[in-house]
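J.: The lines below spell out each chain.
There are 2 protein chains.
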Amino acid sequence: MIIYSTLKLGETAREVLKEWEVSYDDSSDAEVILAWPTQVTQILDRAPKLKYIQTFSAGVDGLPFDKLPKGVRVFSNAGAYSLPVAEHAWALVLALAKMVNRRERNAQSYMLTRKTLLVIGCGGIGSKVAQIGKSAFSMWVLGVSRSFKSQDFDERHSINELPELLSRADVSVISLPLNKHTRSLFDYKMLSCVKQNSIMVNVGRAELVVEDDLKKVLLERPDFRFGTDVFWRKNGREEFESELWSYPNFMGTPHTAGADSNREVFEEAVLQAVKNVRTLLTTGSAQNEVKVEDYL
Amino acid sequence: MIIYSTLKLGETAREVLKEWEVSYDDSSDAEVILAWPTQVTQILDRAPKLKYIQTFSAGVDGLPFDKLPKGVRVFSNAGAYSLPVAEHAWALVLALAKMVNRRERNAQSYMLTRKTLLVIGCGGIGSKVAQIGKSAFSMWVLGVSRSFKSQDFDERHSINELPELLSRADVSVISLPLNKHTRSLFDYKMLSCVKQNSIMVNVGRAELVVEDDLKKVLLERPDFRFGTDVFWRKNGREEFESELWSYPNFMGTPHTAGADSNREVFEEAVLQAVKNVRTLLTTGSAQNEVKVEDYL
Numbered sequence: 008m009i010i011y012s013t014l015k016l017g018e019t020a021r022e023v024l025k026e027w028e029v030s031y032d033d034s035s036d037a038e039v040i041l042a043w044p045t046q047v048t049q050i051l052d053r054a055p056k057l058k059y060i061q062t063f064s065a066g067v068d069g070l071p072f073d074k075l076p077k078g079v080r081v082f083s084n085a086g087a088y089s090l091p092v093a094e095h096a097w098a099l100v101l102a103l104a105k106m107v108n109r110r111e112r113n114a115q116s117y118m119l120t121r122k123t124l125l126v127i128g129c130g131g132i133g134s135k136v137a138q139i140g141k142s143a144f145s146m147w148v149l150g151v152s153r154s155f156k157s158q159d160f161d162e163r164h165s166i167n168e169l170p171e172l173l174s175r176a177d178v179s180v181i182s183l184p185l186n187k188h189t190r191s192l193f194d195y196k197m198l199s200c201v202k203q204n205s206i207m208v209n210v211g212r213a214e215l216v217v218e219d220d221l222k223k224v225l226l227e228r229p230d231f232r233f234g235t236d237v238f239w240r241k242n243g244r245e246e247f248e249s250e251l252w253s254y255p256n257f258m259g260t261p262h263t264a265g266a267d268s269n270r271e272v273f274e275e276a277v278l279q280a281v282k283n284v285r286t287l288l289t290t291g292s293a294q295n296e297v298k299v300e301d302y303l
Numbered sequence: 008m009i010i011y012s013t014l015k016l017g018e019t020a021r022e023v024l025k026e027w028e029v030s031y032d033d034s035s036d037a038e039v040i041l042a043w044p045t046q047v048t049q050i051l052d053r054a055p056k057l058k059y060i061q062t063f064s065a066g067v068d069g070l071p072f073d074k075l076p077k078g079v080r081v082f083s084n085a086g087a088y089s090l091p092v093a094e095h096a097w098a099l100v101l102a103l104a105k106m107v108n109r110r111e112r113n114a115q116s117y118m119l120t121r122k123t124l125l126v127i128g129c130g131g132i133g134s135k136v137a138q139i140g141k142s143a144f145s146m147w148v149l150g151v152s153r154s155f156k157s158q159d160f161d162e163r164h165s166i167n168e169l170p171e172l173l174s175r176a177d178v179s180v181i182s183l184p185l186n187k188h189t190r191s192l193f194d195y196k197m198l199s200c201v202k203q204n205s206i207m208v209n210v211g212r213a214e215l216v217v218e219d220d221l222k223k224v225l226l227e228r229p230d231f232r233f234g235t236d237v238f239w240r241k242n243g244r245e246e247f248e249s250e251l252w253s254y255p256n257f258m259g260t261p262h263t264a265g266a267d268s269n270r271e272v273f274e275e276a277v278l279q280a281v282k283n284v285r286t287l288l289t290t291g292s293a294q295n296e297v298k299v300e301d302y303l
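Going down the list, the protein sequences come from chains A and P. If you read the first sequence in my numbering, its first letter stands for residue 8, the second for the next number, and so on. If you read the second sequence in my numbering, its first letter stands for residue 8, the second for the next number, and so on.
Please note that a few of the clues may not be correct.
Note: identical chains are not told apart, hence a pair may lie in one copy or across any two.
[Unchecked claim] Here are the simulated lysine-lysine pairs, DSS-like style, with alpha carbons at most 25 angstroms apart: (1) K141 to K122; (2) K202 to K141; (3) K141 to K156; (4) K141 to K223; (5) K74 to K241; (6) K187 to K77; (7) K282 to K156; (8) K241 to K223; (9) K58 to K77.
Worth flagging that the hints you see were computed from the coordinates, not collected in a lab.
Given the sequences, and given the hints that come with them, work out the whole structure.
T.: Dropping the structure here:
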């Protein structure tokens with residue numbers, strides 16, 4: 008069994024996979040690929056024996072699902088970034104609530120304590136976001152998810168209740184995967200449902216939100232504040248240049264929540280990915296198997 | 008017994024003091040003054056019967072202590088702003104940790120989970136800051152204080168241990184009152200003790216920190232990030248214009264943590280002040296009596 012990895016594994020990660028051969032330059036005999044999603048397209052043609060893909064990223068929306076040979080199983084790295092991304096989501100929420108680094112004295116501060124938090128997508132990140140809201144700010148926590156990974160939700164709802172939930176939430180955090188069910192979920196109609204003086208933060212993927220509709224709502228509703236770590240892809244690449252930076256009710260970060268901006272986070276994430284591969288090769292199943300049909 | 012208030016009290020606040028006469032224009036028979044500290048100087052000469060001062064603010068450093076008639080007792084509004092100011096402190100900490108609204112992709116994110124938090128001044132604000140750090144981010148919490156108001160401290164220290172504590176803390180939050188013991192505490196020597204890749208936030212008073220020394224350390228240590236809600240007074244007024252805004256490792260807000268930026272916070276704070284006056288007039292003692300000698 009040969010594993011092909013697009014990243015040179017560190018000592019600790021290599022040790023986890025010591026029972027298997029790991030190649031960094033030849034995928035021709037590889038049955039497992041360890042890669043970032045967008046790297047997979049160019050590997051596929053040169054990996055005829057491929058059985059499993061394990062991504063380094065939590066999101067797998069960048070994978071070429073339509074080109075995957077039938078029977079190839081995909082495993083995401085969901086959960087590997089829960090702590091840093093949840094911290095990051097709260098950084099955006101709080102910066103918007105308190106208008107950090109905006110020098111006008113007339114900006115209103117929004118209070119968080121005992122307000123209502125809505126978490127949209129309650130996997131590893133969303134569950135940690137909920138736990139912080141509950142423990143730090145005694146918030147009432149609403150969750151929207153297919154499956155809940157924690158006990159920190161006061162109410163559990165399904166995605167078709169979103170309009171009503173948005174009208175109740177003082178803070179909402181989007182931590183959904185991007186797939187055929189969630190793409191463009193936040194269009195003009197949905198965004199218009201948000202409560203007066205509320206904050207929304209997106210740490211999922213930009214394309215969950217319709218960019219032009221967001222701009223329209225932010226211009227119409229100066230009381231509504233929006234933050235994002237993720238930006239819309241143009242020609243396949245995230246484009247961080249955006250008119251939004253000039254909006255007074257917008258704050259952002261250029262996709263720095265995850266592995267790119269902290270060495271420790273990156274190494275932990277790689278380690279989780281290789282551990283999952285080890286579990287898979289040892290037991291035949293592993294965490295975070297992706298429902299391929301969600302993306303087709 | 009006549010109470011003189013510089014603020015017209017709302018209905019709820021007035022109800023709390025219904026047993027006493029409240030004047031808004033004549034202090035000549037007043038035994039109690041309800042005011043912001045800087046308003047007191049001009050009232051003193053026209054309040055010959057003065058016994059008690061209750062401030063609307065938590066800090067009393069703006070009072071003319073040297074001009075107070077002997078025997079006048081002073082009560083601060085400490086605690087009234089604990090929740091909003093603690094939220095605000097965390098907004099600055101997180102914004103600096105994640106470099107919110109800085110568009111450079113190369114800025115390093117600092118992780119908070121399981122790191123060390125140092126709270127300097129553990130009254131109402133500091134205790135809430137500690138509780139958030141512990142519950143939201145599982146931090147190890149060091150406290151420096153004369154008296155501790157909560158159980159959320161893993162270690163309790165005195166102010167003379169500050170240099171060593173600063174060298175251990177990944178995040179430090181200053182929530183001290185400004186008095187003769189604390190003014191200019193954070194000079195070049197003290198600030199130079201901070202740990203590599205650490206964050207310091209000041210929500211007390213600017214003059215706890217020596218402005219020029221701070222600038223020097225921020226220029227020398229790009230890894231050190233500093234945030235403040237409070238600015239140095241020039242000619243008696245907080246001056247929000249500052250070179251610091253242009254520093255890449257600085258973030259701020261123009262004293263918007265407290266009463267000025269949220270109506271609800273303001274009304275709650277006024278209510279706490281009048282309740283304290285009620286307690287004082289009914290029982291002869293009350294919360295937050297100020298040690299006048301700390302300021303002389």
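J.: Against this structure, judge whether each hint is valid.
T.: We went through each hint and held it up to the structure:
Proximity of K141 to K122 under the C-alpha cut-off of 25 angstroms is found in both arrangements, the shortest distances being 10 angstroms within a copy and 20 angstroms between copies. Taking the shortest Cα distances, K202 and K141 sit within 25 angstroms of each other inside one copy (20 angstroms), while across copies they are farther apart (30 angstroms). Taking the shortest Cα distances, K141 and K156 sit within 25 angstroms of each other both inside one copy (15 angstroms) and across copies (22 angstroms). For a Cα distance limit of 25 angstroms, the shortest separation of K141 from K223 qualifies neither inside one copy, at 32 angstroms, nor across copies, at 39 angstroms.
Proximity of K74 and K241 under a CA criterion of 25 angstroms is satisfied intra-copy only: 21 angstroms inside one chain copy versus 67 angstroms between copies. In the homo-oligomer, the alpha carbons of K187 and K77 lie at most 25 angstroms apart inside one protomer (19 angstroms), although the nearest pairing across protomers, at 75 angstroms, exceeds that limit. Proximity of K282 and K156 under a CA criterion of 25 angstroms is satisfied intra-copy only: 20 angstroms inside one chain copy versus 44 angstroms between copies. Taking identical chains as interchangeable, the C-alpha atoms of K241 and K223 lie at most 25 angstroms apart only when both belong to the same chain, with a minimum of 20 angstroms there against 42 angstroms between chains.
In the homo-oligomer, the alpha carbons of K58 and K77 lie at most 25 angstroms apart inside one protomer (9 angstroms), although the nearest pairing across protomers, at 86 angstroms, exceeds that limit.
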